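Undergrad: Sequence order for the protein chains is A and B.
Remember, my numbering sits 3 above the position in the first sequence when you count from 1.
Remember, my numbering sits 13 above the position in the second sequence when you count from 1.
No lab work stands behind these hints: they were computed from the structure.
Since the structure is predicted, the reported quantities are computational estimates derived from the model, not experimental observations.
From the three backbone atoms N, C-alpha and C, an ideal C-beta is built for every residue, glycine too.
In silico DSSO-like links for lysine-lysine, alpha-carbon gap of 30 Å or less:
#, chain 1, residue 1, chain 2, residue 2
1, A, Lys102, B, Lys54
2, A, Lys102, B, Lys33
3, B, Lys77, A, Lys6
4, B, Lys79, A, Lys102
5, B, Lys68, A, Lys102
6, A, Lys102, B, Lys77
Simulated restraints, written as ranges between beta carbons of each label pair:
#, chain 1, residue 1, chain 2, residue 2, range
7, B, Pro53, A, Ala95, 25 to 33 Å
8, B, His98, A, Pro115, 40 to 48 Å
9, A, Asp14, B, Lys27, 40 to 48 Å
10, B, Gln55, A, Ser28, 19 to 27 Å
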Amino acid sequence: DAKTTQPTSMDCAEGRAANLPCNHSTISGNEYVYWYRQIHSQGPQYIIHGLKNNETNEMASLIITEDRKSSTLILPHATLRDTAVYYCIVRASNFGNEKLTFGTGTRLTIIP
Amino acid sequence: GAVVSQHPSRVICKSGTSVKIECRSLDFQATTMFWYRQFPKQSLMLMATSNEGSKATYEQGVEKDKFLINHASLTLSTLTVTSAHPEDSSFYICSAVRDWITDTQYFGPGTRLTVL
Chain A
4 DAKTTQPTSM DCAEGRAANL PCNHSTISGN EYVYWYRQIH SQGPQYIIHG
54 LKNNETNEMA SLIITEDRKS STLILPHATL RDTAVYYCIV RASNFGNEKL
104 TFGTGTRLTI IP
Chain B
14 GAVVSQHPSR VICKSGTSVK IECRSLDFQA TTMFWYRQFP KQSLMLMATS
64 NEGSKATYEQ GVEKDKFLIN HASLTLSTLT VTSAHPEDSS FYICSAVRDW
114 ITDTQYFGPG TRLTVL
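Bound conformation, chain A alone (with noise of 0.2 Å):
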């Protein structure tokens, strides 16, 4: 699976939107980008993913570049429960087999 670089930490202000950049250079054609979140003391929680489009839900927007190297996780309005550590996984779908591989993530903190 491609390696992602994600900064360590962010700060933003409630109500604003949250950018959070995430790289990965090496992503191969197959390899689709997922983003998940941590609250603490609790399991991640699935945000979003996308493989070259686009993508909106009811939480985020993924923003993918057209060489596919590096994304945005965009939270259009922030509050204080977005507050946790997000990551950046690209991985290839492999009919549920594929396993995720977990970095450091950002810690996003929205302050009041």
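Got chain A sorted already, so can you dock chain B onto it with the hints?
TA: Just chain B now, kept in the frame of chain A:
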């Protein structure tokens, strides 16, 4: 989203005893479940992949005789920590794949194990 539960959420045991942790997919069937371990201030580390009806696949460095995994049904996988020691104290988290088309893993809330 898909719901995965774990039981117990927290357990304290004496050194040398065995502890069983259950992972259930509540609203879907999961042929594959994964078990992770997370030490304080560290990231999640995959321990093993659990496939329904077959033996689990363990990651390098994880002792299969110490961490027994049983995936007896499409909604239940269990992890038994045998002869637990203080160094096994950790946060154990399972995940389940809802469907192989989207291939998205959904995680349980985790089990905090403390071995005295």
